[in-house]
Structure formats: C-alpha cells, structure tokens
Amino acid sequence: MSETPLVEFKDLVVRFKGERTVHAINGLNLSLKPGEMLGLLGESGSGKSVTLKTLLRLLPPKRTDLEGSVTVLGTDVMSLSGRALAKYRGGDVSMVFQEPALALDPVYTIGDQIAETVMRHKGISKLAAMDVALDMLTRVRIPSPERRLKNYPHEMSGGMRQRAMIALALACRPKLLLADEPTTALDATVQIQILLLLRELQKEFGMGVIFVTHDIGVAVEVSDRIAVMYAGNIVETGTTRDVIKNPRHPYTKGLLAANLHGAVKGSRLDAIPGSPPPLEDAPSSCSFAPRCSLARPECWKALPPRVDLGGGHEAACVLAAEEAVTA
Amino acid sequence: MIMAATETNAPAEQVAKTKGYWSGVVKRFSRDPVAVTCAVIILLLILAAIFAPYLGLNDPYKASMIKRLKPIGYPGFPLGTDEQGRDMLARLIYGGRLTLFTGLVPVVLAFVMGSTLGLIAGYAGGWVNTVIMRTVDVFFAFPSVLLAIAISGALGAGILNTIVSLTIVFIPPIARVAESATASVRALDYIDAARASGGNALTIIRVHVLGNVLGPIFVYATSLTSVCMILAAGLSFLGIGVRPPEPEWGLMLNTLRTAIYVNPWVAALPGLMIFITSLCLNLLSDGLRSAMNVKD
Numbered sequence: 315m316s317e318t319p320l321v322e323f324k325d326l327v328v329r330f331k332g333e334r335t336v337h338a339i340n341g342l343n344l345s346l347k348p349g350e351m352l353g354l355l356g357e358s359g360s361g362k363s364v365t366l367k368t369l370l371r372l373l374p375p376k377r378t379d380l381e382g383s384v385t386v387l388g389t390d391v392m393s394l395s396g397r398a399l400a401k402y403r404g405g406d407v408s409m410v411f412q413e414p415a416l417a418l419d420p421v422y423t424i425g426d427q428i429a430e431t432v433m434r435h436k437g438i439s440k441l442a443a444m445d446v447a448l449d450m451l452t453r454v455r456i457p458s459p460e461r462r463l464k465n466y467p468h469e470m471s472g473g474m475r476q477r478a479m480i481a482l483a484l485a486c487r488p489k490l491l492l493a494d495e496p497t498t499a500l501d502a503t504v505q506i507q508i509l510l511l512l513r514e515l516q517k518e519f520g521m522g523v524i525f526v527t528h529d530i531g532v533a534v535e536v537s538d539r540i541a542v543m544y545a546g547n548i549v550e551t552g553t554t555r556d557v558i559k560n561p562r563h564p565y566t567k568g569l570l571a572a573n574l575h576g577a578v579k580g581s582r583l584d585a586i587p588g589s590p591p592p593l594e595d596a597p598s599s600c601s602f603a604p605r606c607s608l609a610r611p612e613c614w615k616a617l618p619p620r621v622d623l624g625g626g627h628e629a630a631c632v633l634a635a636e637e638a639v640t641a
Numbered sequence: 024m025i026m027a028a029t030e031t032n033a034p035a036e037q038v039a040k041t042k043g044y045w046s047g048v049v050k051r052f053s054r055d056p057v058a059v060t061c062a063v064i065i066l067l068l069i070l071a072a073i074f075a076p077y078l079g080l081n082d083p084y085k086a087s088m089i090k091r092l093k094p095i096g097y098p099g100f101p102l103g104t105d106e107q108g109r110d111m112l113a114r115l116i117y118g119g120r121l122t123l124f125t126g127l128v129p130v131v132l133a134f135v136m137g138s139t140l141g142l143i144a145g146y147a148g149g150w151v152n153t154v155i156m157r158t159v160d161v162f163f164a165f166p167s168v169l170l171a172i173a174i175s176g177a178l179g180a181g182i183l184n185t186i187v188s189l190t191i192v193f194i195p196p197i198a199r200v201a202e203s204a205t206a207s208v209r210a211l212d213y214i215d216a217a218r219a220s221g222g223n224a225l226t227i228i229r230v231h232v233l234g235n236v237l238g239p240i241f242v243y244a245t246s247l248t249s250v251c252m253i254l255a256a257g258l259s260f261l262g263i264g265v266r267p268p269e270p271e272w273g274l275m276l277n278t279l280r281t282a283i284y285v286n287p288w289v290a291a292l293p294g295l296m297i298f299i300t301s302l303c304l305n306l307l308s309d310g311l312r313s314a315m316n317v318k319d
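Residue numbers (the working numbering), protein chains in the order written: chain A, 315 to 641; chain B, 24 to 319.
Pulled out of the complex, with its shape left as it was, chain B reads as follows:
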C-alpha cells in the first residue's frame, strides 16, 4: 500500500460519471435544442404517416371536377386541393407514408449490407479488400442520381424496384466509410490486446471493431436518409418510381408543377415537405454525431 495514497484524490466531477453509455447519449442529446426540435418534427411526421387513416382526414383519392386547385384555407380543405380536386392535407400526410418508407428502407438495407462489406474488407485486408473495394469503386464512378435512374429504368417502375435501386446506390458510400473506419481501428493497440487475451477474429470484429465503428457509420447513414428521400421523390417525379394515383411527395410535385402559375402556394407544398424532412434529418444526424461521441 505504498502508492495508494497519491491517486485517491481524483476529481469529484470525474468520479460522479458512472451511468451507462446510452443514458449519457440521451442526456447530451437532450441538451441540444435544434436536434431535439428536429427529432420531434420527424417523429410527428412518422406518427402522422402511420396513423393517417385514424386522423379523420378526407379521402386522398377522391377527386372533384369543381373543386380543382383551390387555395390554402378553402372551406373543408385546409391546405387547398390539387389539380384533380383532391384534398392536399390528406394527400400530404398519406404521401408521407410512401415517401418516408422509400426514404428509410433503402438506407437501412444499405446500412446492413454496406457495413458488413466494409467490415470484412477493412478487417481482412489484402486481396479480399481489393476485390470488395474495387467493385464498390465501379459503382462510385456513376453519379448517384444517374445510377438510381439507370437501375430503376432497367427494372421498371414500382416501389419495390425503387427500393432495390436506391439500396444499390447507397451500399458503396456506406461500405467505404465502414472500410476506412475499420482499417483505422484495426491498427490500434486494443485490437492487438484483444488478440493477446485470446479473442478470435469473429469476436474481435463483433465486439471491438463493430463497437467502435458503428457510431460513425450510423451517423453517416442518417445523413443519407435525406438524400435517399430526395432521390426517391426524384424517381417518382421522373415517372419511374411510384405510380399515380398513389400520393407521394415527389410525384405530387411533378403533377402539380403544371399548376405553378395558377396556384403556386399549393404547388410548392410537397416540395416544402421534402425540404423540411430532409433538413430535419440532417440536423438530427449532426446532433446524434455529437451526442454519441463518448471521447470528449
């Protein structure tokens, strides 16, 4: 016990920190008003989309020849009507279902596949890395919009094909981020230390590599959801995504663009929704990035 005395006087503030990782993340996140606001907006959008049928809205498919292109605030139609006389509010909320779905699902799929590929490539190195990463590079050579259009065009219109093509578009960037994060973690001492204490490759990847790499990839993937939503809307706008009369923000923007001189405010609403959602997703991912960083 010769030495014990000198280190007992650790700072009180340091000793107090004993909570788990996730409670720390929540605490830091809740101190960021911008991120919290964005999270609330996204949550509201998702809830509205899920519970759309129970909100007492008008039928989003019911058209009317007389009530076409009514302005915002028209009796019975709080956000006006579109070029076929359908209720804009109902269509925007129902449209959120498809738009959010096609915006999130490809990113989730690409997140799983891309990080698996990147982890394998980064941890194995050598020829495995070369094969995976050069293949990924081929996809990188195309601009993402062009690639999405090409794949969707080849597969044909439809929600499923949109999801497939957007997944393929997002695998390369996620794999790239995962690979570089893994490669830098792999060279660190604690991976050697884990091997020195008898961990096999699978355990080390699962526990020590994934644990350190998942944060950055996750945050990057969150920032991709807004891009994905815009791309999905773009595909619908071009007519190779969702088919009419399904409400979807991109498609609505397309069909309403003819009415831009007649009723510009109503025509701009789907675009506004896309803008708000992607802005919130981006700010949310920024907030998550700083909240999930335990190191400082």
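Same shape as in the complex, but just chain A:
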C-alpha cells in the first residue's frame, strides 16, 4: 500500500464503564483507502456503530475508555479538540444516520438544516448556502427540489428524508462518509435506490465510504471491500469478491449460508447456532469458538491469529492459518 490510507484504526479498544463494563471493541485494525467503499458487516451488538462513533468522537467521554489510535488523513482523531474537532466533524467526515426521521431536526426546514452546516463550515452567506442546499437536493435526485427546500422533515416520505439526510451529509464535500445502516429503516424498493444513489455519489465525489449494515446482500451490492465484525473485532476482511467467493472464517461462511435463497419449504433454515458472547470480559480466546462447529481445543486457549491470505484478504482464525500453510 503506497498511498496514505484515508482512515486507519490501530489496535482500537473501546470499553464502556458503568455498572458493568462492556468491552465493545477489542483490538480492531482496519484501514481504508481514499475513494474506497467499505462494507462493515455484522450482527447487532458486534460493534459496528461504536466503530463509526469512535471515528467521529461521538461517544460520551466520561463513560468511555479508548485505547489504540484512529488516524484520518494522517491526523490523530483522538488528539483533536475544540475548533479542530468541529472542523473535522462535518467538514472532513460526515455521517448518515439509520433513522432519517430522528436524525433531522423536526422544527427546521430541510433547506435551513443543510444551509446551517454549510454556513458553519464554509463561512458563506445564508443565500449562498441555500444555493448549495438546492444543488445538493438536485444531486440526490429529489424531485422539485426548490419546493422541498422549504419542507419540514415530517412532510417528506422515508426515502425522501434519507435522500435529504445524504444531501446534508455531503453538502460540505467530506472526504469520508460514514453510513450507519442508512437503508435499514426503509422498505426494500427504496433501499436499492438509496444504495445506488450512494454508490453514484461516491464515484462522483471520489470520497471514501464506510457503510455499516447487517444485511449481507446490501454489503455485496455496494462495497469494494467487506469487513465482517463479530463481538467487537473484525474476523474477516477482503475484497467483496474474495469474501463472498472464498470465505475463510466460519462466521462469514455461516452468514453467507444463512440466507433464504434456495431454501426449500419445510426444510430447516441454515442458521448459526447460539448467540453472541457477553462482552463483560475482554476476550482471551476466539469469541466465536462457542458457536463454531469446527472449533478445536486451541481455539479455546488463545486469541486466533490474523492470517494474511494475500490480496488484502485477512481472516482471524486458526483454520485459515492452517489452510494457508498447507496451500
């Protein structure tokens, strides 16, 4: 990798203190090149959203322990504060939320909300900012954007709101867009439109995107690369093609098997048995071992190694390590 990565997580650890400690992220390593679209895949509670919020420093500082480093374009995110942090949030990196109905302020019009962000970051007049807002609404293909500019969020449909949210996030031309399950709250037909739109805008603006989802189909549809998360760590990462065609981690295999395509009525569906482990203690062995049908004694003894399978394809599993040696 010759170019500097857009985002780099190094041994990130996130713990939430409180009545009980939660080890949300345990030694996560991940990097993203500029202009790349990464799908972050995992089930609920695997730490996808926490990873994104760490990137924007949105976690409550008093109750969170952070270790490791997060760098975006060479700057250490953890060291930012005050003005620099405000400039970074929304200027360099912005976010699309899961529920557009909740992430837009109900008492301001769409235009006002987009203009507010643009004015803050670019220091331009309200009139000029409104022009930018109009341009953005056009780019996200909202019909009759002039009129929509004056709409309140509750006057729009779910898909329209998510388009407005995307317009808001992209108004300052960020280098990195974080999308936290942007299509989960939408129905299937609108989902695909939003995905294609994101993909198109990503190409147009040449920005990096981290796309969080629990829907493997969605991840395959949009991403260049996929990272699969389980219990606060990445178990497998690689190009979308590699991960789908040649999954090496049993969890990834399980996820790919657990879909409804080709399921015959009456036969049992393939599912991964059990549920994710409690995150009260930092893992000392493979977190997936209790649910893994291929688990071996060594899986219970130590953390699995990260195995480089070539071409950026990595898996954290002893089995992958063996296969790599024998191959």
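If you are wondering where the hints come from, they were derived from the structure by calculation, not from laboratory data. There may be inaccurate statements among the hints.
What the hints assert, rightly or not - Away from chain A, derived, C-beta distances all over 12 Å, residues of chain B:
1. 47
2. 57
3. 65
4. 79
5. 120
6. 211
7. 212
8. 216
9. 283
10. 299
Claimed, not checked - Each computed EDC-like pair below joins lysine to aspartate or glutamate, with the alpha-carbon atoms no more than 16 Å apart:
11. A/331 / A/595
12. A/567 / A/556
13. A/436 / A/406
14. A/367 / B/309
15. A/367 / B/215
Backbone N, C-alpha and C fix where the C-beta goes; we use that ideal spot for every residue, glycine too.
Using the hints, position chain B against chain A.
Chain B in isolation, oriented as in the chain A frame:
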C-alpha cells in the same frame, strides 16, 4: 437516474405546503374560534389598560360620600360605584393595568430564568443537573400560594416585591418543564447528527435544543399567567401586594367584600374580571399549543 421515477408522484397536497412556520401557526390558530375569541378579549383588556387615560373615563380615585355603592346602571356610573363612591368602570379598567402587569411580568421573568436553568440542567446532566434541579425541588416543597405569601411577607408590601416573589414562585415549575423537555430532546439522533456535523455545544443548545423545547415551555408559561394573576390578586387581597387607593382587581375584591350584602353585583365585578381574564388566558394557551405543533 435509475430511481428518480418512483418518487416523483408525491401527493399533491403534500407538495403544496411550502409556507413558513409562523404563517402555518397563524393559519391553524385562526381556524380555532374559541382561541381567537379569547385572544380578542385579552387584546381588548390590554388595549383598554394601556389607553385608559384616553377613554374619557371618570377619575378612578375621586371618592364621593353621597354616591356610595350605587347599583349597576346608575346615571353617570355605568357599572355603579364602590364603597367610597368611586366609579367602578374606571377602577376596573385602570385596575387592569396593575393586575395584568403583575400577572404577566413575573411569568416573563420566570420564563427567561427558568428555561435557562432548565436548559443548562437538562443539557449538561450529571452534577450540574443535580445541583440545579435539587435546588428547584426545595422550592417545589412549598405550596405556591404559601411561598408567594412568605416571600412577599418577608419583603414587605409593594408592586416590586410582589413581582419578585411571584417570579421566584414560577421559576421552579418552568425550570422543571424545560429540563425534562431538554433531556428528552438531547437523547435524539438529530442532536448527535448536529454534533457529527461539527456543531459546538452552544450552537446545538441555541438552535436545535431551544428550537424544539421553546414551544412546550412557552405554552406552559402562558397557562401560568392566569395562575400568576390570581396569586397577585390574592396577595393584594391579603394586603401584602398593591396598597390602596391603587385600583387593582384583587384589592378591589377585598375592600368590596364588606358590601357583598348591600350590593352583591358590584362587589362581584372584580372577581368576574379575574375569572374572565384567567379563563381566556387558559383557553388561549390551549389554542396556541395545538397551533404551534408542526408535527401533526
């Protein structure tokens, strides 16, 4: 442009709504006949109070030994006279000045201070919240009438002291409403979204929290004005508010109560004024509440 076609057919009714927030509020408000009537009555009362000297009324302070406690409709005195022979109509209209003043000013002051405290407590949370809200709770422990009487009694009679004591009485309930509204808004996604797009705490409080919280607090404060007016009148009635011979509805009710068997209709007039004003204020705040709600 693969996807554009499907969303273009938005309902026509939805697309038509493009006016600003306040024009929408006015439109919804004007469709509520009860609220509009109440608003007109309140407006008339306020205008009458402001322009009292220009209405060609009798002198509200001029007493007469002969014309005491004349009934409603007595020549020259359309609403009769009080126990000192002063014109009731003039005294009621002039009385509106003080009564409305002592009814509105404490609420406005308490609105500003109470919502500031509540916003800070609700947004900051933690020990800041504990310090502010527990202090507020101490004031809550007293019944509001008792608290107003205690403070006024300690400070002494007079309009200024009435205003101070009533302000102190109304800060806690407003702060409480502001705090709970702020705390619920703070947890919503759009506050996180505002932080994620680089807003600092002050901007977020000013724009996104205040914008969403001001409506409920404002409506609540409107409903307090009628309580405040009644309390102010009560203080005057007890002799620790406005001093005679100033016309004030509560005080007039007090001095006229001795005449209740002689001329009950005249004696009831100040009470009727208090009743009408507070009823109108309550209905007005109900109307405002539904008119200011953009969400449904």
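Results for each hint:
| no. | hint | result |
| --- | --- | --- |
| 1 | 47 | 9 Å, violated |
| 2 | 57 | 26 Å, holds |
| 3 | 65 | 26 Å, holds |
| 4 | 79 | 47 Å, holds |
| 5 | 120 | 36 Å, holds |
| 6 | 211 | 6 Å, violated |
| 7 | 212 | 4 Å, violated |
| 8 | 216 | 4 Å, violated |
| 9 | 283 | 51 Å, holds |
| 10 | 299 | 34 Å, holds |
| 11 | A/331 / A/595 | 12 Å, holds |
| 12 | A/567 / A/556 | 12 Å, holds |
| 13 | A/436 / A/406 | 12 Å, holds |
| 14 | A/367 / B/309 | 41 Å, violated |
| 15 | A/367 / B/215 | 10 Å, holds |
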